[in-house]
Amino acid sequence: MSAMGGSLRHSVVLRMALGYGLLLLVSVAVVSAIFYIGTAGLLARNIDMQLELGARRLVQLHDRQGLPALRREIFDLLTDDQDVNTEIYQLDAADGSVLVGNLDRWRATGTATGELLEQKVRRRGQDTVGRLLVHRFPDGAVLVVGRDLQDQRDLEHRVLSALAMGGLIAFALAAGGALLVWLQLQRQLKAIHRTTAEVAAGRLDRRITVGRSRDEFAMVARDVNRMLDQIEQLMNNARDVSNAIAHDLRTPLGRIRAMLEDALHPQQPPQALREGAASAIDEIDAVTQLVDKLLQIAEAEAGVRRQNFESVALRALVGDIVELYQPAAESEGMSLALAVEDEPQVEADRDLLAGVLANLLDNALKYAGHGAAVRVEVRTTAEDVRIEVADNGPGIPPGLLGRATEPFFRADASRYQRGNGLGLSIAAAVVALHRGQLRLEDAAPGLRVVIRLPRGSDGNLSGR
Amino acid sequence: MRCLLIEDDLATAELVRHGLERAGHVVQTCHEGDTGLRLALDGSWDVVVLDRMLPGGVDGLGVLAALRGHGIATPVIVLSALSSLDERVRGLRSGGDDYLGKPFAFDELLARIEALARRAVQRGEPDVIEIGDLRVDTRNRRVHRGTQAIALQPREYQLLEYLARHQGMVVTRRMLLTAVWGYHFDPETNVIDVQISRLRNKLDRDFPTPLIHTARGVGYTLRAE
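Same order as they appear, the protein sequences are chains A and B.
With the working numbering applied, the first sequence corresponds to residues 1 to 464, in that order.
With the working numbering applied, the second sequence corresponds to residues 1 to 225, in that order.
Hints should not be assumed to be uniformly reliable.
Each pair of labels, with its calculated beta carbon distance range [to be verified]:
#, chain 1, residue 1, chain 2, residue 2, range
1, B, 104, A, 342, 40 to 50 Å
2, A, 342, B, 15, 47 to 57 Å
3, B, 217, A, 243, 26 to 36 Å
4, A, 255, B, 68, 41 to 51 Å
5, A, 237, B, 178, 14 to 24 Å
6, B, 127, A, 238, 35 to 45 Å
7, B, 217, A, 442, 37 to 47 Å
8, A, 243, B, 178, 28 to 38 Å
9, A, 268, B, 104, 19 to 29 Å
In silico lysine to any residue, SDA-like type, Cα no more than 25 Å apart, as pairs [stated by the list, open to error]:
#, chain 1, residue 1, chain 2, residue 2
10, B, 102, A, 331
11, A, 293, B, 202
12, A, 293, B, 108
13, A, 293, B, 193
14, A, 366, B, 39
15, B, 202, A, 331
16, A, 190, A, 153
Think of the hints as simulated: they come from the structure by calculation, not from any bench.
Quick reminder that beta carbons are idealized off the backbone N, C-alpha and C, glycines included.
Given the sequences, and given the hints that come with them, work out the whole structure.
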């Protein structure tokens with residue numbers, strides 16, 4: 001057994017099972033006690049009541065008609081063939097002589113009048129236990145009204161042994177149930193534990209087997225499986241990204257190396273040397289830019305730059321960037337139009353947001369093609385502020401729109417085109433840093449990039 | 001110009017020293033933070049080039065803070081392999097006048113050093129700048145070449161004024177973007193070049209001597225031949 005079964009003392013499952021077993025036993029005990037008090041106890045109280053009633057009647061008889069009448073009455077009671085097996089009557093004279101009665105022996109010493117007591121007596125030649133009510137008359141005569149408790153005792157014994165038997169069975173059931181629950185929970189937890197241990201050991205494709213069950217364990221297992229799917233996906237992405245980084249770093253490094261090797265050849269003309277050096281510098285700039293961009297993504301995702309956020313007026317910022325790109329667009333034969341509604345404000349890092357917009361316009365200039373129309377719109381909706389950059393160029397195939405913000409994504413999957421496919425990733429990361437969303441849509445034809453940002457505090461509107 | 005170069009990487013230090021000396025400046029190099037700080041406090045320098053990460057007790061930002069703490073306002077340009085935007089902001093907040101990420105083009109460093117030194121010397125800017133037959137009147141934003149008035153858009157004027165204030169020096173694209181538009185980011189397309197070529201069209205096309213010259217791979221210079 002591994003970590004799970006290792007220490008029974010720490011097993012919550014075992015504690016739960018034992019706890020419930022114990023609870024069951026306690027309930028059985030409580031129910032038994034109530035049952036016992038309700039039966040045997042009730043009988044005992046009835047007996048006492050009957051004794052008191054009988055005694056009171058006899059005392060009244062004595063008070064009205066005197067001792068001889070009482071003696072006659074007791075004699076009648078003892079000879080009427082009713083309750084022969086249980087009745088006890090005894091009337092002793094003041095000197096201790098028996099006037100009438102069916103007790104062979106009892107101890108009257110020290111008993112106060114009207115007192116109920118239980119003692120060993122000898123009745124009709126047999127030792128037994130009697131419940132006795134003793135009444136002393138003022139003249140010294142003593143009346144004893146009682147009941148033989150032997151059958152009562154027998155009944156109590158039967159009830160107790162029945163309850164004991166029931167308790168034993170309940171204990172066995174509780175123990176068995178606890179064991180079953182323990183084994184069952186243990187089995188389900190172990191299935192999860194085994195899989196997570198395997199995943200921890202590096203086998204990321206392992207999943208917990210879940211049947212059609214819908215219980216809590218199945219739910220946990222499905223959650224864990226979903227989490228593992230996500231982790232595996234992320235790991236695959238990370239691997240793809242590392243491969244892409246490796247490719248995009250090694251390719252220019254390889255070219256630089258080749259150029260330097262060329263330069264070492266003795267017969268290189270100076271012109272070729274200069275050209276080689278210039279190309280090497282270009283390649284190095286490309287590598288530097290790649291590293292910078294990767295750092296920017298990491299920085300945006302780490303969220304460290306929120307401290308530089310300030311209230312930014314989008315009309316001015318978007319206007320500046322569109323104005324900056326206007327001549328470049330015109331020289332590509334493109335039209336670049338801007339439409340801003342209202343005076344939207346957002347909480348943002350000015351340079352980062354400008355960089356995002358510049359990146360989207362860079363993309364439009366690069367990919368929308370000669371003569372395309374690019375349109376930038378800024379709108380305020382009830383929930384957010386939207387910046388849309390749309391072109392009517394070739395766009396991105398609809399099936400790939402969702403993946404276009406992944407690092408190193410390129411619509412044509414070839415790595416030989418200009419750019420490293422990081423621009424949109426940076427843009428998406430920066431927008432996410434601003435608690436916004438960047439989405440790509442099919443503008444049919446063309447590409448539309450929609451940025452939604454939370455509304456800043458703009459005075460007349462209760463944003464944020 | 002007297003430059004103090006505090007840089008621990010010997011190869012980089014040598015290359016920068018050679019380059020600056022070739023451009024006619026006097027350079028003293030040192031490789032540690034504490035000696036660098038002592039030198040910076042002692043001598044009178046026109047500019048200090050300071051590496052961000054240094055061996056010895058004090059690192060680049062420490063040197064900078066101590067320098068500013070002593071009330072010394074010598075222009076400082078910070079060099080760093082930590083070139084992310086956040087690091088740039090930290091460098092500038094600690095009292096640096098400019099920040100350049102490694103690896104850098106030497107010409108970019110030279111352009112920035114000269115711009116810094118010029119800014120420090122010419123606190124009182126002239127109202128009218130003259131370069132050859134170009135006359136830029138900064139009070140009413142009027143531009144003339146000879147007797148001919150040249151009409152410029154506001155941004156074109158700002159570009160020209162910045163170039164004119166740095167006449168004879170190379171000004172990089174990033175410097176122009178920061179100075180004229182007020183943003184720090186790197187455009188991937190040649191937006192600045194297109195803006196310059198518009199300005200060029202208005203400024204140089206109809207005149208025999210061009211004033212705006214391209215420094216290949218670095219930026220632009222405004223100068224009369």
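Worksheet item: What are the numbers of the hints the structure violates, in ascending order?
Response: Violated hints: 5, 6, 10, 11, 14 and 16; rest satisfied.
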